[in-house]
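Chemist: Line order of the protein sequences matches chains A and B. Anchor point for the first sequence: position 76 equals 76 in my numbering, and the numbering is continuous, going up by one each time. Anchor point for the second sequence: position 82 equals 82 in my numbering, and the numbering is continuous, going up by one each time.
Some hints could be false.
Said to hold, decoys possible - Here are some chain B residues the structure puts well away from chain A; computed CB gaps all over 10 Å:
1) M1
2) R47
3) A49
4) G87
To be verified - Okay, the calculated beta carbon distance ranges per label pair:
5) B/I94 to A/S424: 57 to 67 Å
6) A/A86 to B/H42: 37 to 47 Å
7) A/G225 to B/P10: 46 to 56 Å
8) A/Y442 to B/E54: 22 to 32 Å
9) A/L335 to B/I91: 42 to 52 Å
10) A/S424 to B/A49: 17 to 27 Å
11) A/G227 to B/E75: 43 to 53 Å
12) A/K291 to B/I91: 30 to 40 Å
13) A/H437 to B/K79: 23 to 33 Å
14) B/K17 to A/Y442: 22 to 32 Å
15) A/K291 to B/D88: 27 to 37 Å
16) B/I102 to A/S438: 34 to 44 Å
Stated by the list, open to error - Pairs of lysine-lysine, DSS-like flavour, derived with a Cα cap of 30 Å:
17) A/K291 to B/K40
18) B/K85 to B/K17
19) A/K293 to B/K40
20) B/K85 to B/K60
21) B/K17 to B/K2
22) B/K17 to B/K3
23) A/K163 to A/K263
24) A/K293 to A/K72
25) A/K291 to A/K72
26) B/K82 to B/K9
27) A/K293 to B/K85
28) A/K2 to A/K72
29) B/K9 to A/K293
30) A/K163 to A/K413
31) B/K40 to A/K224
32) B/K79 to A/K293
33) B/K79 to B/K60
34) B/K3 to B/K43
35) B/K3 to A/K72
36) B/K43 to A/K72
37) A/K38 to A/K263
38) B/K2 to A/K291
39) B/K90 to B/K60
40) B/K2 to B/K82
Hints were generated in silico from the structure; no laboratory data involved. Here a beta-carbon is modelled for each residue, glycine too, at the ideal position from N, C-alpha and C.
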Amino acid sequence: MKRTFITFVVAGLIGLSLAYSAGIVLAQDQAKIGATTKIDTGDTAWMLISAALVLLMTPGLALFYGGMVRAKNVLGTIMHSFIIIAIITVQWILFGYSLAFGPDVGGIIGNLSWFGLNGVGLDPYPDYAATVPHQVFMIYQGMFAIITPALITGAIAERMKFKTFIVFTVLWATLVYDPMAHWVWGVGGWIRKMGALDFAGGTVVHISSGISALAAALMVGRRKGFGLEPMAPHNLPMTITGAAILWFGWFGFNAGSAIAAGKLSANAFVVTHIATSGAALSWAVAEWIYKGKSTTLGAASGAVAGLVAITPASGFVGPMPALLIGLVAGILCYLGVFSKNRFGYDDSLDVVGIHGVGGTWGALATGLFASKAINEAGENGLFWGNPGLLGVQVLAVAATWIYAFLMTLIILKILDWTMGLRVSEEEEEMGLDLSQHSETGYNF
Amino acid sequence: MKKVEAIIKPFKLDEVKTALSAVAVQGMTVTEVRGFGRQKGHKEVYRGAEYVVELVPKVKIEVVVPDQVVTRVVETIAKAAKTGKIGDGKIFVIPVEEAVRIRTGERGEGAL
């Protein structure tokens, strides 16, 4: 009895000491980091707000897309974006963040040491963000991981099986988004080491989703009745509302990518607004010239095209280049949406034409107009005497096109064999709302 | 008893209703319909897609009246609904076999 009691007390003391020393070691590591960088309340406040702004973009996207499909598919379309928030959040905190931003393995991917946010604490992690808690950086990046797969859903609208879509989302995030984010933004990532500039996600978000959308549209196939039946948007006021929310939230997407509140975020905010306005105008004018009238859908689409194009450039270019980037984006993407007519693929909501084309233009424009005067941590572009940057941007764009396209094709091929990609013909006729979710969007 | 069925331009509905009450027609059924005759539809453009929408919105008015007033009712509607431009619409007269007032059970012209 006495021996048992003493054994337990000694064991308990040893255990406590071990735990205490381990705690001190960890605290020292953290303290070392904390000792060199201090949390800035202004930066942290801005980043928390930016994360919330970027989150809001996903429901905004849901409305943008939802208004453009037929009424029988409005809930199915909204559900795509909405449920992605939940799915990717869990994937991100379990292993997505670790793969994307964790300790580098061969320049290709992060390791899993941050599984379940292990080691991702509230002190800053200066490699990424010196003045905000590490978890703030993590959650901010998580919002990007959420919206990127949501963008792809526009290409497969009105015909994809819900179950397969969920599995596709997790696979795409893990096999395409996380590696790409690591290549471009992760410490040790090979595209980052190559010197390519992508301030807020031209390659990682827009080109990758745009080109994956092309692969998806080709794999899933055209909607029943495409080209024969009218498939007009059922609720453009909803679409314009969504576009406005996207514009608002994008300030968090671009200006938040400064990871600080100050001159760089101010630049990103201002040039984002300028480029978007320019693109909305140029799309509207292009429409006027080609079709005789400017449409609200065109103005909204132009704005989104501008937002996409300025994304990689927002921390590197000034106001006048931003205006030019926007004006060109509006016209290029307007012409881009016609390519689906020429090649015959059913990219239902023009993800390729807007995100693929817009993101590519933005990445190349960064190579033209980047200026170290705006951002010392960046580089000069072609018009500031450095053609090298443009070359590197081209490589980054090409790598994104090839990898995202092929990987998406492979994922979808496997899912096609195992689960099937499309709903049945009757389900497609009935509409996704009823067939996939047993709901009707409008019960007047 | 006859049913007078008129397809008219939607903005003419109030005028026709007022004109009909002036000739003592108190009840009617109104439906929103779409159709076309000689009137062309319109074009809608959504990004790269252009649609020609042939079906034009119209309003259908149905009134059931005693035989003696049919001609007067038809003339009243035609006069009120006319603009002189294509798409003014059409009026049809159809025989009615029976009419019943649900509340009282009255039948025939008394039910109208």
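Chemist: Would you mind marking each hint as holding or not holding in the structure?
Modeler: Status of the hints after comparison with the structure:
Non-interface status of B/M1 relative to chain A is upheld: no Cβ of that chain comes within 10 Å, the nearest being about 34 Å off. A cut-off of 10 Å between C-beta atoms contradicts the statement that B/R47 is not in contact with chain A; the least separation is 5 Å. The Cβ of B/A49 sits about 7 Å from the closest Cβ of chain A, inside the 10 Å cut-off, so the non-interface label is violated. For B/G87, the non-interface assignment is confirmed: its Cβ lies about 21 Å from the closest Cβ of chain A, beyond the 10 Å cut-off.
Hint check: B/I94 to A/S424, Cβ distance near 43 Å, so the stated range 57 to 67 Å is violated. At roughly 43 Å, the beta-carbon separation of A/A86 and B/H42 lies within the given 37 to 47 Å, and the hint holds. One distance hint, 46 to 56 Å for the beta-carbon pair A/G225 and B/P10, is violated here, with the actual separation near 29 Å. A C-beta distance of roughly 24 Å is found between A/Y442 and B/E54, which places it inside the suggested range of 22 to 32 Å.
A hinted range of 42 to 52 Å for the beta carbons of A/L335 and B/I91 is consistent with their spacing of about 50 Å. At about 25 Å, the beta-carbon gap between A/S424 and B/A49 stays in the expected band of 17 to 27 Å. Separation of A/G227 from B/E75 is about 48 Å and conforms to the stated range, judged on CB atoms against 43 to 53 Å. Between A/K291 and B/I91 the Cβ separation comes to about 38 Å, which falls inside the hinted range of 30 to 40 Å.
In this structure the hint that A/H437 and B/K79 lie 23 to 33 Å apart at CB is violated, the actual value being about 52 Å. Here the CB-CB span from B/K17 to A/Y442 is close to 29 Å, well matched to the stated 22 to 32 Å. In this structure the hint that A/K291 and B/D88 lie 27 to 37 Å apart at CB holds, the actual value being about 30 Å. Checked against the given bound of 34 to 44 Å, the beta carbons of B/I102 and A/S438, roughly 37 Å apart, stay inside it.
The hinted pair formed by A/K291 and B/K40 meets the criterion: a straight-line CA distance of about 19 Å does not exceed 30 Å. Taking the CA atoms of B/K85 and B/K17, the gap is about 20 Å. The hint holds against a cut of 30 Å. Note on A/K293 and B/K40: the hinted pairing holds, with a Cα-Cα distance of about 19 Å set against a maximum of 30 Å. A distance of roughly 18 Å separates the Cα atoms of B/K85 and B/K60; the hinted pair therefore holds under the 30 Å criterion.
Our distance criterion of 30 Å between C-alpha atoms is met by B/K17 and B/K2, whose separation comes to about 18 Å. Distance restraint check for B/K17 and B/K3: the Cα-Cα separation of roughly 16 Å lies within the 30 Å cut-off, and the hinted pair is therefore satisfied. Between A/K163 and A/K263 the CA atoms are separated by roughly 45 Å; this puts the pair beyond 30 Å, and the hint is violated. Between A/K293 and A/K72 the alpha-carbon distance is near 29 Å, which keeps this suggested pair within the 30 Å criterion.
A threshold of 30 Å between alpha carbons decides the hint, and for A/K291 with A/K72 the separation of about 29 Å falls inside it, so the pair holds. At roughly 9 Å between alpha-carbon atoms, B/K82 and B/K9 fall within 30 Å of each other, so this suggested pair holds. For the proposed pair A/K293 and B/K85, the alpha carbon gap of about 25 Å is at most 30 Å, so the pair holds. Taking the CA atoms of A/K2 and A/K72, the gap is about 76 Å. The hint is violated against a cut of 30 Å.
For a cut-off of 30 Å, the pair hint linking B/K9 to A/K293 stands: about 26 Å separates their Cα positions. Proposed proximity of A/K163 and A/K413 is supported: the alpha carbons are some 15 Å apart, at most 30 Å. Distance restraint check for B/K40 and A/K224: the Cα-Cα separation of roughly 28 Å lies within the 30 Å cut-off, and the hinted pair is therefore satisfied. Taking the CA atoms of B/K79 and A/K293, the gap is near 37 Å; set against the 30 Å cutoff, the hint is violated.
Distance check on the hinted pair: B/K79 and B/K60 sit about 16 Å apart at the alpha-carbon level, within 30 Å; holds. Straight-line distance between C-alpha atoms of B/K3 and B/K43 comes to about 35 Å, which puts the hinted pair past the 30 Å bound. At most 30 Å may separate the alpha-carbon atoms for a hinted pair to count; B/K3 and A/K72 exceed this at roughly 36 Å. Restraint check for B/K43 and A/K72: satisfied, since their Cα atoms lie roughly 23 Å apart, inside the 30 Å limit.
Of the supplied pair hints, the one linking A/K38 and A/K263 holds, its CA atoms being roughly 19 Å apart against a limit of 30 Å. About 49 Å separates the Cα atoms of B/K2 and A/K291, which puts this hinted pair outside 30 Å; it is violated. This hinted pair checks out: B/K90 and B/K60 have alpha carbons roughly 10 Å apart, not beyond 30 Å. For the given pair, B/K2 sits about 22 Å from B/K82 by alpha-carbon distance, which is consistent with the 30 Å threshold.
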